[in-house]
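Asks: Residue numbers (the numbering used here), protein chains in the order written: chain A, 1 to 258; chain B, 1 to 258.
Watch out, some of these pointers could steer you wrong.
Mimicking SDA-like on lysine to any residue, the simulated pairs with C-alpha atoms at most 20 Å apart in a straight line are [unchecked claim]: (1) B:K202 with A:R258; (2) B:K44 with A:E241; (3) A:K154 with B:E91; (4) A:K26 with A:R37; (5) A:K154 with B:D123; (6) B:K44 with A:S242; (7) B:K13 with B:K26; (8) A:K86 with A:K44; (9) B:K154 with A:D89; (10) B:K202 with A:E255; (11) B:K154 with A:N9; (12) B:K154 with A:K86; (13) B:K202 with A:S68; (14) B:K154 with A:K44; (15) A:K202 with B:R201; (16) A:K44 with B:E241; (17) A:K101 with A:R17.
Derived contacts from chain A toward chain B, CB cut-off under 10 Å, selection only [as the list claims (entries may be wrong)]: (18) L59; (19) S195; (20) A197; (21) E255.
If you are wondering where the hints come from, they were derived from the structure by calculation, not from laboratory data.
Predicted model, so just to flag it, every value in this text is computed and none were measured.
Even glycine gets a Cβ: it sits at the ideal position worked out from N, Cα and C.
Number of protein chains: 2
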Amino acid sequence: MEKITARTNDKIKYAVRLGESASFRKQNGEFFLEGARLCFDAAKTGVEIKQAFFTASALEKYSAYAESIIATGCICFEISGDVAKKLSDTENPQGIFCICKSKEKTEKLNYSGKYLALENLQDPSNLGAVCRTVEALGLDGLIVSGGCDINNPKALRAAMGSSMRISLVEPQNLVSLLEDAAANGMQTYASVPRSDASDIRKVSLEGGVIICVGNEGSGLSQSAIEACKDAVTIPMGGRAESFNASAAAAILAWELMR
Amino acid sequence: MEKITARTNDKIKYAVRLGESASFRKQNGEFFLEGARLCFDAAKTGVEIKQAFFTASALEKYSAYAESIIATGCICFEISGDVAKKLSDTENPQGIFCICKSKEKTEKLNYSGKYLALENLQDPSNLGAVCRTVEALGLDGLIVSGGCDINNPKALRAAMGSSMRISLVEPQNLVSLLEDAAANGMQTYASVPRSDASDIRKVSLEGGVIICVGNEGSGLSQSAIEACKDAVTIPMGGRAESFNASAAAAILAWELMR
Numbered sequence: 001m002e003k004i005t006a007r008t009n010d011k012i013k014y015a016v017r018l019g020e021s022a023s024f025r026k027q028n029g030e031f032f033l034e035g036a037r038l039c040f041d042a043a044k045t046g047v048e049i050k051q052a053f054f055t056a057s058a059l060e061k062y063s064a065y066a067e068s069i070i071a072t073g074c075i076c077f078e079i080s081g082d083v084a085k086k087l088s089d090t091e092n093p094q095g096i097f098c099i100c101k102s103k104e105k106t107e108k109l110n111y112s113g114k115y116l117a118l119e120n121l122q123d124p125s126n127l128g129a130v131c132r133t134v135e136a137l138g139l140d141g142l143i144v145s146g147g148c149d150i151n152n153p154k155a156l157r158a159a160m161g162s163s164m165r166i167s168l169v170e171p172q173n174l175v176s177l178l179e180d181a182a183a184n185g186m187q188t189y190a191s192v193p194r195s196d197a198s199d200i201r202k203v204s205l206e207g208g209v210i211i212c213v214g215n216e217g218s219g220l221s222q223s224a225i226e227a228c229k230d231a232v233t234i235p236m237g238g239r240a241e242s243f244n245a246s247a248a249a250a251i252l253a254w255e256l257m258r
Numbered sequence: 001m002e003k004i005t006a007r008t009n010d011k012i013k014y015a016v017r018l019g020e021s022a023s024f025r026k027q028n029g030e031f032f033l034e035g036a037r038l039c040f041d042a043a044k045t046g047v048e049i050k051q052a053f054f055t056a057s058a059l060e061k062y063s064a065y066a067e068s069i070i071a072t073g074c075i076c077f078e079i080s081g082d083v084a085k086k087l088s089d090t091e092n093p094q095g096i097f098c099i100c101k102s103k104e105k106t107e108k109l110n111y112s113g114k115y116l117a118l119e120n121l122q123d124p125s126n127l128g129a130v131c132r133t134v135e136a137l138g139l140d141g142l143i144v145s146g147g148c149d150i151n152n153p154k155a156l157r158a159a160m161g162s163s164m165r166i167s168l169v170e171p172q173n174l175v176s177l178l179e180d181a182a183a184n185g186m187q188t189y190a191s192v193p194r195s196d197a198s199d200i201r202k203v204s205l206e207g208g209v210i211i212c213v214g215n216e217g218s219g220l221s222q223s224a225i226e227a228c229k230d231a232v233t234i235p236m237g238g239r240a241e242s243f244n245a246s247a248a249a250a251i252l253a254w255e256l257m258r
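Next up, chain A with everything else stripped away, as it sits in the complex (with noise of 0.2 Å):
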């Protein structure tokens, strides 16, 4: 295993700027990953891992993990403390760090399935932790569009390993993947925060269906909600003018699948 000991040697540094960067993600088709069980989840799930880097003291603490990463084939690194450092997002580094090839982008959706679709969710951990409700309830896929950075360091860690594991469909444009949707009988609803939108308990929720969730601050655009077949809420009986996005996006999956 070939050492690196230098903060400024290159790999080092397109690996930070890997996970700095959304556009540098975006144009080299790679991810980079944190951790002992996040590396590992990407090799269990048959994520592409082109290269990884090691600590001394990870791959003994990490021994099992470790051995699941290295028997992929993947180009392997020890690095010195300083340098893990220098790649970590978080104080006390575990020391085990991938860079993943980013999933085919694929606009396919199984027209009988149901779909939460996110456009321009902003907070990693509400999109992180969006992933984990569309696994764990079973969903067939979450539809990402906008400024959702799935690859974003934060996101991939709020979804422990779930964004890796689910199907997920990124539109160049998300209105017209609803309107094909439509054209092919699915239902699709707009979710807002608008007491004369249908009750979510109300609506038909049989066959292919995809509920939309829109950004933190500003909601779903005009555009999406006009290209849905109806508009959907969550009935307030409190004060709040909103739900946390993940909240919203929980109880909506809930629904779906309820």
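Go by the hints and put chain B onto chain A.
Replies: Chain B in isolation, oriented as in the chain A frame:
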């Protein structure tokens, strides 16, 4: 309005420490609030504001909010932009900050009410999201115990004012509260990610109910689980091991009020 231009001013140091330290907040019975809207929410909700700090530009930009805060009769200071940066948790502070009196702690339950109880929830974003859910769905209150630090600045921000409006119950001892609740006819449920627990859709949620949600990593303590009448779970169809804590809380609260 007295002017403060030194970062080392004692009042500023006190405010910073309130924001940073849970034990200092507890010791002084006060908490620190940042943001034009949140400080306005405090004023509107009737939270006792002891001191308020404004930059000159904030007094102009957020004049309506500032006037409501000043009208509470609190001691007001004008601060420089540099001092605002010292006080702020964000890169571009809005320039409005308050020191508020913490609510009197209560252990009193409405025995016919619907409650979520949180034990040791660590992530302030989750805590804030649960407060919003409790308010939006109109639960009778939120029980917080263990390490749940409701006045953490990040939790306050995520709650968007809801934590100041909902009814909070803060027991010295969660187990004693659960036993008292059960003795007074309430249903008490421990939510666990275990498939042998009762399906949340199939248990009685009539009358007074408490559903307990545990720590993100380790779940509920054994003593809390044992103090509850039954263990409930959200059936998971997929491969994920569990939900994000605030997503689970949202689904459970929704079932409670559904």
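Asks: Each hint: holds or not?
Replies: Okay, the hints, checked on the actual structure:
no. : hint               : verdict
1   : B:K202 with A:R258 : holds (12 Å)
2   : B:K44 with A:E241  : holds (15 Å)
3   : A:K154 with B:E91  : holds (19 Å)
4   : A:K26 with A:R37   : violated (24 Å)
5   : A:K154 with B:D123 : holds (14 Å)
6   : B:K44 with A:S242  : holds (18 Å)
7   : B:K13 with B:K26   : holds (17 Å)
8   : A:K86 with A:K44   : violated (26 Å)
9   : B:K154 with A:D89  : holds (19 Å)
10  : B:K202 with A:E255 : holds (15 Å)
11  : B:K154 with A:N9   : violated (36 Å)
12  : B:K154 with A:K86  : violated (26 Å)
13  : B:K202 with A:S68  : violated (41 Å)
14  : B:K154 with A:K44  : violated (35 Å)
15  : A:K202 with B:R201 : holds (18 Å)
16  : A:K44 with B:E241  : holds (15 Å)
17  : A:K101 with A:R17  : holds (15 Å)
18  : L59                : violated (24 Å)
19  : S195               : violated (12 Å)
20  : A197               : violated (15 Å)
21  : E255               : holds (8 Å)
This entry does not satisfy hints 4, 8, 11, 12, 13, 14, 18, 19, 20, going by the numbered hints stated previously.
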